[in-house]
Amino acid sequence: MKKASILMIVGPLFLLGLYIFPLWKIMLGAPQYPDPLGLNIHINGLQGMNEFDIQNIDGLNHYIGMQTLPKVEDMWEFGTFPTIIGIMVALGVLIGILGYFKKVGYKWFLGWFILMSILGLLGMYDFNAWMIDYGTNLDPNAIMKLTNPDGTPMTYKPPLLGHVKMLNFDVTSMPSIGAWLMFVGMMLTLAASYLGWKNTKKQ
Amino acid sequence: MKIYKQLIMSMGAVLMLVSCGQQNQNSNGALSSSAAEKVYVAPGEQDEYYAFLSGGYSGNLTVYGLPSGRMFKEIPVFSQFPTSGYGYSEETKPMLTTSHGFVPWDDAHHPDISQTNGELDGRWIFINGNNTPRIARISLSTFETEEIIEVPNSAGNHSSSFITENTEYVVAGTRFSVPIPQRDIPINEYKSNFKGSLSFISVDPEHGHMDLKFQLLMPGFNYDLSHPGRGKSHGWFFFTTYNTEEAHTLQEVNASQNDKDFIAAVNWKKIEEYVNNGGGTKMPANYAHNVYDESTHMATTTMKKEVLTVDPLKVPGAVFFLPTPKSPHGCDVDPTGQYIIGNGKLSADLTIHSFDKMIAAIEGEKFDGEAYGIPILKFEDVLAGQVKSGGLGPLHTEFDGKGNAYTTFFISSEVVKWKLGTWEVIDRKPTYYSVGHLMIPGGNSRKPFGKYVVAMNKITKDRYLPTGPEMEHSAQIYDISGEKMELIYDFPTHGEPHYAAGCPAELLAPKSKKIYRLDENKHPYAVTSPTGSKVVREGNEVHVYMSTIRSHFTPDNIEGIKVGDKVYFHITNHEQDFDVPHGFSILGQNTSELLIMPGQTKTSVWEPKQVGVWPFYCTDFCSALHQEMQGYVRVSPANSNMELKWSLGE
Chain A
1 MKKASILMIV GPLFLLGLYI FPLWKIMLGA PQYPDPLGLN IHINGLQGMN EFDIQNIDGL
61 NHYIGMQTLP KVEDMWEFGT FPTIIGIMVA LGVLIGILGY FKKVGYKWFL GWFILMSILG
121 LLGMYDFNAW MIDYGTNLDP NAIMKLTNPD GTPMTYKPPL LGHVKMLNFD VTSMPSIGAW
181 LMFVGMMLTL AASYLGWKNT KKQ
Chain B
204 MKIYKQLIMS MGAVLMLVSC GQQNQNSNGA LSSSAAEKVY VAPGEQDEYY AFLSGGYSGN
264 LTVYGLPSGR MFKEIPVFSQ FPTSGYGYSE ETKPMLTTSH GFVPWDDAHH PDISQTNGEL
324 DGRWIFINGN NTPRIARISL STFETEEIIE VPNSAGNHSS SFITENTEYV VAGTRFSVPI
384 PQRDIPINEY KSNFKGSLSF ISVDPEHGHM DLKFQLLMPG FNYDLSHPGR GKSHGWFFFT
444 TYNTEEAHTL QEVNASQNDK DFIAAVNWKK IEEYVNNGGG TKMPANYAHN VYDESTHMAT
504 TTMKKEVLTV DPLKVPGAVF FLPTPKSPHG CDVDPTGQYI IGNGKLSADL TIHSFDKMIA
564 AIEGEKFDGE AYGIPILKFE DVLAGQVKSG GLGPLHTEFD GKGNAYTTFF ISSEVVKWKL
624 GTWEVIDRKP TYYSVGHLMI PGGNSRKPFG KYVVAMNKIT KDRYLPTGPE MEHSAQIYDI
684 SGEKMELIYD FPTHGEPHYA AGCPAELLAP KSKKIYRLDE NKHPYAVTSP TGSKVVREGN
744 EVHVYMSTIR SHFTPDNIEG IKVGDKVYFH ITNHEQDFDV PHGFSILGQN TSELLIMPGQ
804 TKTSVWEPKQ VGVWPFYCTD FCSALHQEMQ GYVRVSPANS NMELKWSLGE
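These protein sequence lines map, in sequence, to chains A and B.
For the first sequence, our numbering gives the first residue as 1, with consecutive numbering after it.
For the second sequence, our numbering gives the first residue as 204, with consecutive numbering after it.
There may be inaccurate statements among the hints.
Below, computed lysine-lysine pairings styled on DSS-like, alpha-carbon distance capped at 27 Å [what the hints assert, rightly or not]:
no., chain 1, residue 1, chain 2, residue 2
1, A, K71, B, K717
2, B, K472, B, K485
3, B, K717, A, K25
4, A, K157, A, K145
5, B, K517, B, K473
Restraint-style ranges between C-beta atoms, simulated for each label pair [what the hints assert, rightly or not]:
no., chain 1, residue 1, chain 2, residue 2, range
6, B, T286, A, K145, 33 to 39 Å
7, A, D150, B, F824, 31 to 37 Å
8, B, D782, A, Y19, 33 to 39 Å
9, B, K737, A, M187, 56 to 62 Å
Reference excerpt, derived from the structure (chain A facing chain B, CB under 10 Å, subset only) [said to hold, decoys possible]:
no., residue
10, H62
11, M66
12, M144
If you are wondering where the hints come from, they were derived from the structure by calculation, not from laboratory data.
Where is the CB? At the ideal position from N, CA and C, for every residue including glycine.
Given only the sequences and the hints, what does the whole structure look like? Please build it.
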């Protein structure tokens, strides 16, 4: 149980990477952008991959009537997500320590993992909902109003994961370092749950 | 059975034919494609070297890639350049100020890249204006002219602008001797009244700012070309002279009489010490010093009123004359600093002096007379060797860093490769036609990059499709990586390239600026946010603080301008994206357009003469909505009461 508890203490600490590294990244490449524009999505705000990328993405998007990219104060998520992550890390570490002193069992470990997974999925859902709004809620007076071959207005929702061709841009969306660290951390807590469960079976 | 045999035989024959055909193709292909492969830089690929070719009478500097010969940019230096507004915009007009007023043109000759420890460091490139003597410094991160200093007491600023091996000085020598100070005297009193000035302009190691430290007043010869000593000869500077006859008319004949002219060897370290200890005479002067500030995007002129002159006779051991046959033109020093090459343009031979022998002769005080008090060394005592080339009219020599030298021959139209030390000719290749300078990247430094040589010719004739009587000058690229030179490319240049300078691409490409930062823009009329746009009247001067971003001007409607107003459009480009300039022009403007880089502010003056509504627009195809990037200015009669009004999107 000691080994499992140590894993349970270490695992949630990996989530602290989210305060430094981006969770997700979206790359926009085009013929006239051989060095692609890039957006780093942190839990506490958006950052351009290069200093002026956000300004330049907004500049391009105004042609098709997209809203400007949200600033920290524009979205409640950027205030709430860091708090939730902080609480989850503290909770996870606490469970691990209590496990170490045999005050709680593996079910608590698993419980943390499940709670974190649910929160993660909710976060993804929220992120996707924002992208739908961002890509479809367009200015009716946009300079360029493009339509699909079937006559419906063209929308510009970036993919949640993977690659999409949007007008002249290749848009690629994928998890970034923060997400990978979170993934590793969560896997450690899952391993802790498994080891804890094996331990109980032995006894 | 028979049929099968025939079939097999005929198939065999076909196979043989096919294979023969392939063999032929291969061998032909290999032969004809080798030169093409060497210069071919595939689409999307980049060149190995930068080459900066002087524009001669264009007054500018052009940037090329090697080995492709593709031109990347023309950098305006001494000439007004309507393409960008250089010399037309209010900010850059002061760059062309001289003691003779606004001089919008010059003859740009010899670019030289800054060095540290005798190797190219890629900070700046310097170039001389020949006609109204000036030296310019160009930044190699923005590729824009940053500074121009006028050289007083000089005329035909030709033995310039060559730099010492730590960029301590950029040196400018006079080709035409003149009365110093200038005065009203008969031309035929040339002898002893005319002098030749050699100017040592110090370069601030941090900002590159130039300052005329001292001027050496030499006898009235023509100081044709020069190069610094390097390595062991660092601290010396060498100048070729012609017209030691001191003729003042029909120089073609009268300046070609002496069998030998001189190479002047100047120990500038010694003179620097003399000057630092308070030596020299201050002389009243009047010359312009123009500095462009990257953060204000503006140039300012300071008129300087004094120059420190040095009489060479007051600094014993600082100046010597090395006799050199036949009106030598180019003066080149090999990468080790040991050999000083005089290219005797009216002879077939090259004269090579030895630095060690020169020092020994000076120490042994073995002099062969003097000229105006300056000791003349004995020709035989300083001679290292002569190249019996078989060519005619040697002009300039560059080095490959592998012990070889390459000399151009103007009259016989060829480049001759020869070996330093043995003086034997290794190879010769024709040029097309009448070659002047040649350039090996770093070829006049301690560390040449001996892969290509570019020959710059004076005559084009039939090399390209004809374009009437006037044609651009032709240049050739030779591969010099092997024992024999190989002509691999032929390309037209712009203006009349004299000298050129080159360096490896990786020295400059990574630090080439992409934008100017808007948050560092300190232009007094900059608008750093679109809400700061305004129009201000001060008497009949109107200042429009305007900003641009794809794809509109702020403001784009202006009313209340009157006939007789002087309207300053101060335009700030708010883009912070690489390669998104905006242009500006307005109908009836008596000047050029402006081309404003991201983050930059430029100003154009417009003096409307007619009542009406006049459009302005963006001249650079900036975006999909470029055609819509336009606006109107309403001009009312001079006595109108129209108040100033400006707007966007109302």
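Cross-check of the supplied hints:
1. A:K71 <-> B:K717: holds (26 Å)
2. B:K472 <-> B:K485: holds (19 Å)
3. B:K717 <-> A:K25: holds (24 Å)
4. A:K157 <-> A:K145: Since the Cα atoms of A:K157 and A:K145 sit roughly 15 Å apart, the hinted pair holds (cutoff 27 Å).
5. B:K517 <-> B:K473: It holds: about 11 Å lies between the C-alpha atoms, which stays within 27 Å.
6. B:T286 <-> A:K145: 33 to 39 Å: Cβ of B:T286 to Cβ of A:K145: about 36 Å, so the range 33 to 39 Å holds.
7. A:D150 <-> B:F824: 31 to 37 Å: 33 Å Cβ-Cβ, so the 31 to 37 Å window holds.
8. B:D782 <-> A:Y19: 33 to 39 Å: For A:Y19 against B:D782, whose Cβ atoms are near 36 Å apart, the range 33 to 39 Å holds.
9. B:K737 <-> A:M187: 56 to 62 Å: Between B:K737 and A:M187, where Cβ atoms are some 59 Å apart, the hint holds.
10. H62: holds (8 Å)
11. M66: violated (15 Å)
12. M144: Holds - the Cβ of A:M144 comes within 10 Å of chain B, reaching about 7 Å at its closest.
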